[in-house]
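There are 2 protein chains.
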Amino acid sequence: MSDKKLKSWQSWLIFGGSMLLVFCMGLVVSALMERRSEVASIFNNRKNPMHGIVAQNQKFESDFPREYETWRATENTDFRSKYMSSEAQDVLEERPNMVILWAGYAFSWEYNSPRGHFHAIDDMRRILRTGAPTSLTDGSNQPGTCWTCKGPDVPRLMEEHGPAEFYKSNWAKWGSEVVNPIGCSDCHDSETMDLHISRTALREAFARRGTDVDKATHNEMRSLVCAQCHVEYYFQDLPETSEHDQYLTFPQDYGFTLEDAEKYYDERNYYDYIHALSKAPILKAQHPGYELSLQGIHGQRGVACADCHMPYTTDGGVKFSDHQIQSPLAKMDRTCLVCHRESEETLRQNVYERQEKCIEVRNRLEEDLAKVHIEAKFAWDKGATEAEMHDVLQLIRKSQWRWDYAVASHGASFHAPQEVIRLMSNGIDYAQEARLQIAKVLARHGYTGDVPMPDISTKAKAQEYIGLDMAGKVEAKEQFLQTIVPQWIAKAKEQGKLLDY
Amino acid sequence: MSDKKLKSWQSWLIFGGSMLLVFCMGLVVSALMERRSEVASIFNNRKNPMHGIVAQNQKFESDFPREYETWRATENTDFRSKYMSSEAQDVLEERPNMVILWAGYAFSWEYNSPRGHFHAIDDMRRILRTGAPTSLTDGSNQPGTCWTCKGPDVPRLMEEHGPAEFYKSNWAKWGSEVVNPIGCSDCHDSETMDLHISRTALREAFARRGTDVDKATHNEMRSLVCAQCHVEYYFQDLPETSEHDQYLTFPQDYGFTLEDAEKYYDERNYYDYIHALSKAPILKAQHPGYELSLQGIHGQRGVACADCHMPYTTDGGVKFSDHQIQSPLAKMDRTCLVCHRESEETLRQNVYERQEKCIEVRNRLEEDLAKVHIEAKFAWDKGATEAEMHDVLQLIRKSQWRWDYAVASHGASFHAPQEVIRLMSNGIDYAQEARLQIAKVLARHGYTGDVPMPDISTKAKAQEYIGLDMAGKVEAKEQFLQTIVPQWIAKAKEQGKLLDY
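Note that the protein sequences, when read in sequence, are chains G and U. Under the numbering used here, think of the first position of the first sequence as 1, with each following residue one higher. Under the numbering used here, think of the first position of the second sequence as 1, with each following residue one higher.
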C-alpha cells in the first residue's frame, strides 16, 4: 500500500469508529428516554383518573400495579431480624415488667410486636385495648382519635365531619367507616399521585412552629408522610372548649427532642394516666420514630424514611419505590448497600451491635421501673403522705417517659443509638433516685427492710398482681369480634366503602 | 484544498494530537516516579545510618526533617475544640467531684488536661502524683513503671536492665536516664524506620491471647504503636515472685471490652486502691483509647489512629505523615474530609453533639459517685458493719470502674459514642443501687434523714474535705524541681544521653 492509501484508510477507520461510538451513545440515551416516557405514560394515560381521597386501595391497582402489588405484600411483612420479635408476638409475655409499668392503662392488657400496614384495621379491632363495644356505634373505652392512623377512610371522614367531630366521637362510631387499611390516599394525592399530608395534626404542629409543610421538598415529603403517624402525640382537651375533645396533637411546639416534648407536657400538667400502683402521673410515649430518626446520623444526613424502608427498585424499564414497607435488613442489597461498601454481613452485625447495647440498658431500666412502682405502692400502703411522695412521683414520671420514648419508637436503637442510651441512662438515674427517696420515706414510717417483690415472672402473674380481669376482657372481645365486627364489614360493603380483595 | 490534501491534513492533526497526549501522560508518570524516587532516596541515602534504640530524637532531624519538624510541633498542641479543656488545665478545679472519687489515690492531688508528646518528661516531673524525691535515685512514691510511656529512653533501659528490674525500681532511679520525650524510637526501628513495638507489655498481652504482634499488617501497626500506651493497664505483682514487682500488664487476656478487663481483675481480686471515704476496692482506669476505638465505627472500619491523628500531607514531592499528633479537628481538611463529603462545620457539629450527650451522662454519674462515697463514709461512721457494706462496696467498684474507663480514654465520646454512654448508664445504675442499699443500712442504724453533704464546690474545699495537705506537697515538689531535677538533667547531658534542642 502506498503512503497516501494508508493514510486514507486510517482516516476512514477513525471516522467509522467515531460514528459507531456516537451511534452507541444514541442507543443509551434512547433507552433512558424510553424509561422516562414509560413512567410519564403511566401518569398521563391513567385508566381511572381520580381526585380527592380515594379510600379503597384496590382502585389504584390497575394504574399502579407495581406499587399496589408491593403494598399488598405488607400482608406478609414477616421478615424478622435477630432482635425483632416475631410478627404479632405478645411482648408482655416476653417482658412481664411492662405489665407493671403500664398498670392503670390499657397497654397492660395487650401489647404485640407490629405487623404490616395491611393488617392495621384488623389488628385495631382485635387488640384488647380498644375494648368490646356491644353497640354498632358506641361502647368502646377509646375515642375516634384512635383510628386516625389506620387508613385512608380517616381523611375522608375528616373531610365529611371535620377533625374535631371525628376525634371526639366514640371509637365504635367509625367501625363501619374505617375499613380500608393504611394505603394509597394516606400519602398520595389521588389525582397527581404527588405525596401529600392527609392528617391535620402534622400540618397544625408545623404551622404552630411557623413552618408551612406544603413548602417541603419532595425528599422531605418522603419522610413527612411517615411522620404523620410515626411520631409522639397525645389527645388534647382543647383550651377553647369545655369538652373532652380528644383532639390529636403533636407536642412539637418547642422542637423534636424528648426534652422539648416534656417541656410542652409539663407546662400543661398533662399526663396520660395515673399509675395504678405508684400513683405517678405518667406520660405514655407513642412511637416517636420521626423525632428519633432526626437524632441519628442517617436522619441528619438527609436520608429519608423511604430511602431505606421503601427502596427504589426496577421492573422492566420502570423504576419505582417498593411499597412493602418493612425492616431495611430484609432487602439490604437495595437499602444499605446503595451507599455502604461493606458486606451485608458486616453491616448486619453493625446494626445488631447497636441494638444489643440498647437492649442491655433497656433491660436494666425496665427492671428499675418495675421495682420503683411496686416500692411506691408499698410506701403508700405504709402510710406515706402526698407531701412525702411528691418528688418521688415526679421522678418516676420522668424516668418512665424516657423509657417509653426510647422503646416505643420502632427501630430507634438503630436510628439514633447514642440518643436512645442517653435517654435511658437518664431514666435509670431518675428511677433509682426515686427508689432511694422511697427507702427514706419507708424508714421514716418505721420500715427499714427490703420491699417484698411479688412474683411477676409471667404476663399472667403480673396482670393478676395489678388486679386485671383478663378472662372477662378476652371473652367480651371475642363476643365483639363475632357480633359487631361482621355487621360493620357488611355495612361498609353494602355502601361500597369496602371492596373485596 | 483538494479532498486528498484535506484528508492528509486531518490525519496529521490526529497523529499530532495523539503524540501530544502520550507526551503529557509521560510527564504525569514521570512526576509520580520522581516522587517515589525522592522518598526512596531518603531511606537509601541516610546521612546518619542507625540501629537499635536511639533515644535522642534530635539525631533523626537531618534524615527526616519533615517528620521531625512536625513531631517537634507537638510542643504546641494548643489547639482545643469546643469540649476540650485548655492545654494543661486543672481538671480537678473544673470538676471537684473528681477529687472525691479519687480520695486515697494520688490522682486526687493533681490531674490536668493533656499536652503534646513533647512535654511528656517535663509534665511527669512536675505532676504532684510522682512525689518529691530528695535523693537522686530514690524517694518517689511511684515505681519505675510510671516512666514506661514517657520516651524512647525506656526501651533502651529495658534492654540494658530487663523490664522487670526497670519496673520495680524507684521512679527516681531513672530520673537522669529517661530524659527524651516520646519520639522516634518509640514507634520506629531506627535502622529501617519500619513501625515497631518497643514496649514489652503489648507484645506480652498479645502473646497471651495467642497473637503474634510481629505479624500485624502495616495498617494495624499504625494503631498498634499507639496501643503500646493508650490502653488500660495495671502494675502487677507477678505470681511467680514474692516481690512488689510493679510489672506493667495489659488486662487483655479475655479481650478488649470493659467487661473483659473487669473479669480479669475480679478473678485476681485486684484493686488499685482502697477508697479513703467509702473503703471500696477501686479499679483506677488508665486511658483505654485503643480498646474504646475498637468499639466505634471508625475503628471497626479499619481506620487507624494515624489516619486521623497523623494525617498524610505533602511537602514538595514528598508525601509524609504529619507527626504533630493532636485532635483531628485541628486539620479537618486532611482528616475527616479525606473520606466524608460534608462541610467542615457539619462534621464538627456532629462531633460536638456526640460529646455533649456523653458529657451530660458523665455529669450525672460523677455526681452520683461523689454522693455514694460520702454516704458510704457516713454509714461507716454510724457503725455499719463489713457484712452490711460488702455489696455496697462491690457496687461502688463496678460503678466507678465504668465512669473512669469511659472518661479517662481521650476522645472516647467521639471514638465510640454509644459504648461510652452504655458504660456510664450501667455506672449510674450501680452507683444508685449502692446509695439505696446505704440508705437501708443507715435506717437499720437508726438514721433516716438525708446524709449531710460537705461543701466540695472547689478543688481546694474537696481536697480539704478528704484531708490532703496540699501546701506540703506543692512545697516539696517545688524543692524537688529546683534541686534534684537540674542534677538529673546535668547528669544526662554529661553522659550524652540528652542533647540540646
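In case anyone wonders, no lab produced these hints; they're calculated from the structure. Please note that a few of the clues may not be correct.
Note that the list lumps identical chains together, so a pair holds whenever it fits in one copy or between two copies.
[To be verified] Within a straight-line C-alpha distance of at most 30 Å, the following computed DSSO-like cross-link-like pairs (lysine-lysine) qualify: (1) 497 - 5; (2) 497 - 279; (3) 82 - 263; (4) 473 - 461; (5) 497 - 7; (6) 398 - 491.
Everything numeric in this text was worked out from a predicted model, so none of it was measured.
Going through the hints against the structure:
no. : hint      : in the structure
1   : 497 - 5   : neither (81 Å within a copy, 81 Å between copies)
2   : 497 - 279 : neither (44 Å within a copy, 74 Å between copies)
3   : 82 - 263  : between (36 Å within a copy, 27 Å between copies)
4   : 473 - 461 : within (16 Å within a copy, 62 Å between copies)
5   : 497 - 7   : neither (78 Å within a copy, 76 Å between copies)
6   : 398 - 491 : neither (45 Å within a copy, 64 Å between copies)
Violation of the numbered hints given earlier is confined to hints 1, 2, 5, 6; the remaining hints are satisfied by the structure.
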